[in-house]
Structures are given as C-alpha cells and as structure tokens.
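Trainee: The residues making up each chain are set out below.
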Amino acid sequence: MKVSAIITLKKDVLDPQGKVIHETLDGMGFNSVNEVRQGKYFEIDVKENDPKKAKDLVEDMCKKLLANLVIENYKIIETQ
Amino acid sequence: MKSSVITFPGSNCDRDMDVALTKFGFKNKMIWHNDQELPKSDLIVLPGGFSYGDYLRCGSMASKSKIMNSVINFAKSGGLVMGICNGFQILVEAGLVPGVLLRNKYLQFICKNVHVKVDNKENTFFKNLDKKVLEFHIAHNEGNYFCTNDQLKEIEDNNQIAIYYCDQNGNTNDQINPNGSIKNIAGIFNKEKNVLGMMPHPERMIDESLSGEDGSIFFKNLLNNIK
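As given, the protein sequences belong to chains A and B, one line each in that order.
In this note's numbering, each residue's number is its place in the first sequence (first place is 1) plus 950.
In this note's numbering, each residue's number is its place in the second sequence (first place is 1) plus 2.
It is possible that part of the hints are untrue.
What the hints assert, rightly or not - For each label pair, taking beta carbons as the anchor points, the in silico distance ranges come out as:
hint, chain 1, residue 1, chain 2, residue 2, range
1, A, Val963, B, Tyr57, 28 to 38 Å
2, A, Ser954, B, Asp132, 52 to 62 Å
3, A, Asn981, B, Cys113, 34 to 44 Å
Said to hold, decoys possible - Mimicking EDC-like on lysine to aspartate or glutamate, the simulated pairs with C-alpha atoms at most 20 Å apart in a straight line are:
hint, chain 1, residue 1, chain 2, residue 2
4, B, Lys107, A, Asp965
5, A, Lys960, B, Glu194
6, B, Lys123, B, Asp56
7, A, Lys1013, B, Asp56
8, B, Lys134, B, Glu156
9, B, Lys107, A, Asp962
10, B, Lys133, B, Glu215
11, B, Lys107, A, Glu973
12, A, Lys990, B, Asp209
13, B, Lys185, A, Asp962
14, B, Lys107, A, Glu985
15, A, Lys961, B, Asp152
16, B, Lys66, A, Glu1022
17, B, Lys66, A, Glu1009
18, B, Lys193, B, Glu158
19, B, Lys155, A, Asp962
20, B, Lys66, A, Asp1010
21, A, Lys1014, B, Asp56
22, B, Lys107, A, Glu1022
23, B, Lys185, A, Asp965
Unchecked claim - If you want the ones that stay clear, here's a sample from chain A, every Cβ over 12 Å from chain B, calculated:
hint, residue
24, Lys952
25, Ser954
26, Ile956
27, Leu959
28, Leu975
29, Gly977
30, Ser982
31, Glu998
32, Lys1002
33, Glu1022
34, Ile1026
These are calculated hints, taken from the structure and not from any lab test.
Remember, predicted model here, so these are calculated numbers, not experimental data.
Every residue gets a Cβ at the ideal spot worked out from N, C-alpha and C, and that includes glycine.
Isolated chain A (complex conformation) (with noise of 0.2 Å):
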C-alpha cells in the first residue's frame, strides 16, 4: 500500500527558500501571503497490506533518513 509522509521544518528554524518564495509572491501581487515554509512530501510504496504496519514502517524511515529531527517534523498520511 501507499504511504505519504510531509516533512515541515520545525517553526524556530529559518527557512530562507520560504522566504524567498513569500517575496515573489508578494511581488507578483500574491499580498495577502503571511508566511511559506517549505517542505518535503514523499509517496512511499511499501509491500505491507495492513494499514498500521505500514505507517509504522514508515514512521520509522521518516525518524532514521527522511527527516532530521533536530530541525524537522513529520506526519503520515496513508493514501491508498
């Protein structure tokens, strides 16, 4: 099954791509835009049935490579 997990930076940590992006925005008329934080999202196909072990698994990838929990955070959405 599929499995999506979001990574967001953590809200103490400066995002200058964010930022930059905010600019633009604002820039091209976009002036309602209080603040962008970019992140990552990752489609995870994994050989398990059951929804649980699943977003276990994953779980487990986000907190060993896909995040870095120094500066990151994660969540888990099962997609299919």
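Fit chain B to the supplied structure of chain A, relying on the hints for placement.
Mentor: Chain B in isolation, oriented as in the chain A frame:
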C-alpha cells in the same frame, strides 16, 4: 602515523586531503564507502564534496553507508575523526556531533577565504597550536550551523565549539558571519573532543604559492599531537 580518507560517491576533496595528509607525514589510505572495515588508523577523515549529490539533506545518505558503522565504532572507542565541509554534514547526520547544517542564510554558495578563531586548545586537534586565528578556505551552500537552545547550552557548557568565523584580528560579530551560523560557529567537537566537524578546508591552505600556509600549520601540529 596512519590516516584513512573515506571516499563517498560525489566526494571531491578526498584527493586534496590525501595530498595534504601525505605532505605532512601521514601514511594515508583511501577507503571506499562500500567497504565494511577500516584499516588500522590514527585518524579518519570524511572529506568535502557533494556525496550522493546532496540528495535529501547534505550528508544524509553518506551517513548511512556501510563504512559509517565502522567509523561510528571507531569514534565511540575514542579514535580521532575529522569531517571537513560535506564531511561535517555527514558527521551531524550520523549523530557524531550535535546540531545540523542548514542552507546558507542568504541562499548563496560561498567560496572564499575566511578567518577562524581557535577557542579551545585542550584537544588533540588544536593542542599546542601557536596561532589563535587561522586563515582557511570555505566553499559551501549548506554551512549555516544550527542547533536547539538546549543543545547550544550543552555545547557551550562542554566547551565543544572548536572554531568561530572571525575577522583577521579574531573578533567575532554578525558582519563577519558568512552563512548565518549560530554564534559564528565554523566547527564543533563531540563531547569527548575526539571528533571534529568543521566547514573550512585546511587542506586548501597547504602551499604558499597557491593559497596560504595556515593549513600547513594545522596539519603539522595535528601530526605532532598524534605522535
């Protein structure tokens, strides 16, 4: 004295490091990342470069490569490990030194000479160094050192900050900070001070006619400290 330089796919300062270590008297071996075992070494170096194309996060893939189990065991048993630039990024991803290296504050790749202040000489890397300020070279896109407030307190309490970006007189301030690093941190130790990660490249300053000699001072001193 024996040293080993690990080559990862995408390392590009590994041979420079080999030249530097050999020039100052180390018997150096180049080790491929897929090897499992390290040869007997007094010093392991993780070189600069762009291991795995900087995919995911700089150093994250390399930190999980086969040889790293041996490097981690070597470090945990007190062996000397030095990570330069991408090597520093690999060390933080492997959890051998605290913190992370974020994208440079102004989103620019920085390639220039900088001065660094050596603050802590009670360790094998900088003991007996007769200069307080060294001129090294930096070339990186992700050198913005970051850690949590709790980590910073711990790092400071344990004197783990190895070098700071500074001006030529040793003053540290925001104007001289090239990449946004917390407290101008350019390099840090693990708690036991046998693992050093730093962004600047001493191996690029080993020839007066090409660049400068402060790298020579660093390597000569390091060799004497290990002897």
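Trainee: Now, for every hint given, state plainly whether the structure supports it.
Mentor: A quick look at each hint next to the structure:
Checked against the hint of 28 to 38 Å, the C-beta distance between Val963 (chain A) and Tyr57 (chain B) comes to roughly 20 Å, which is inconsistent with it. Against the hinted window of 52 to 62 Å, the Cβ-Cβ separation of Ser954 (chain A) and Asp132 (chain B) comes to about 56 Å, which satisfies the hint. Checked against the hint of 34 to 44 Å, the C-beta distance between Asn981 (chain A) and Cys113 (chain B) comes to roughly 36 Å, which is consistent with it. At most 20 Å may separate the alpha-carbon atoms for a hinted pair to count; Lys107 (chain B) and Asp965 (chain A) meet this at roughly 9 Å.
A hinted pair counts as satisfied when its Cα atoms are at most 20 Å apart, and Lys960 (chain A) with Glu194 (chain B) does not qualify at roughly 29 Å. Pair hint Lys123 (chain B) plus Asp56 (chain B) does not hold up; C-alpha atoms about 32 Å apart against a cutoff of 20 Å. Under the criterion of a C-alpha separation no larger than 20 Å, the hint pairing Lys1013 (chain A) with Asp56 (chain B) is consistent with the structure, at around 19 Å. Restraint check: the Cα-Cα separation between Lys134 (chain B) and Glu156 (chain B) comes to about 24 Å, which exceeds 20 Å; the hinted pair is violated.
At roughly 14 Å between alpha-carbon atoms, Lys107 (chain B) and Asp962 (chain A) fall within 20 Å of each other, so this suggested pair holds. For the given pair, Lys133 (chain B) sits about 12 Å from Glu215 (chain B) by alpha-carbon distance, which is consistent with the 20 Å threshold. Among the hinted pairs, Lys107 (chain B) with Glu973 (chain A) is consistent with the structure: their alpha-carbon atoms are about 15 Å apart, no more than 20 Å. The straight-line distance between the Cα atoms of Lys990 (chain A) and Asp209 (chain B) is roughly 43 Å, outside the 20 Å bound, and the hint therefore fails.
Among the hinted pairs, Lys185 (chain B) with Asp962 (chain A) is consistent with the structure: their alpha-carbon atoms are about 16 Å apart, no more than 20 Å. Our distance criterion of 20 Å between C-alpha atoms is met by Lys107 (chain B) and Glu985 (chain A), whose separation comes to about 17 Å. Using a Cα cut-off of 20 Å, the hinted pair Lys961 (chain A) and Asp152 (chain B) holds, with the two alpha carbons roughly 16 Å apart. A threshold of 20 Å between alpha carbons decides the hint, and for Lys66 (chain B) with Glu1022 (chain A) the separation of about 18 Å falls inside it, so the pair holds.
For the given pair, Lys66 (chain B) sits about 17 Å from Glu1009 (chain A) by alpha-carbon distance, which is consistent with the 20 Å threshold. Taking the CA atoms of Lys193 (chain B) and Glu158 (chain B), the gap is about 10 Å. The hint holds against a cut of 20 Å. Under the criterion of a C-alpha separation no larger than 20 Å, the hint pairing Lys155 (chain B) with Asp962 (chain A) is consistent with the structure, at around 16 Å. As the CA atoms of Lys66 (chain B) and Asp1010 (chain A) are separated by approximately 14 Å, the hinted pair is consistent with the 20 Å bound.
The hinted pair formed by Lys1014 (chain A) and Asp56 (chain B) meets the criterion: a straight-line CA distance of about 17 Å does not exceed 20 Å. With a CA separation close to 17 Å, the supplied pair Lys107 (chain B) and Glu1022 (chain A) stays within the 20 Å bound. For the given pair, Lys185 (chain B) sits about 18 Å from Asp965 (chain A) by alpha-carbon distance, which is consistent with the 20 Å threshold. Here Lys952 (chain A) stays apart from chain B, with its beta-carbon at least about 19 Å from theirs, past the 12 Å limit.
For Ser954 (chain A), the shortest C-beta to C-beta distance to chain B comes to about 16 Å, beyond the 12 Å cut-off, and the non-interface label holds. Chain B leaves Ile956 (chain A) outside its interface by the beta-carbon criterion, the shortest separation being 15 Å against a cut-off of 12 Å. Its closest Cβ contact with chain B, about 9 Å, brings Leu959 (chain A) to no more than 12 Å, contrary to its assignment away from the interface. Consistency note on Leu975 (chain A): stated as away from chain B, and its beta-carbon is indeed over 12 Å from all of that chain's, at 16 Å minimum.
The Cβ of Gly977 (chain A) sits about 16 Å from the closest Cβ of chain B, beyond the 12 Å cut-off, so the non-interface label holds. No beta-carbon of chain B is positioned within 12 Å of the beta-carbon of Ser982 (chain A); the least distance is around 24 Å. The claim that Glu998 (chain A) lies off the interface holds: its Cβ sits roughly 21 Å from the closest Cβ of chain B, which is beyond the 12 Å cut-off. The non-interface label for Lys1002 (chain A) is consistent with chain B: the shortest C-beta to C-beta separation is roughly 26 Å, beyond 12 Å.
Not every beta carbon of chain B lies more than 12 Å from that of Glu1022 (chain A), the smallest distance being close to 9 Å; the non-interface claim is violated. The beta carbon of Ile1026 (chain A) sits about 17 Å from the closest Cβ of chain B, which is more than 12 Å, so the claim that it is off the interface holds.
Consistency note: the structure conflicts with the earlier hints numbered 1, 5, 6, 8, 12, 27, 33.
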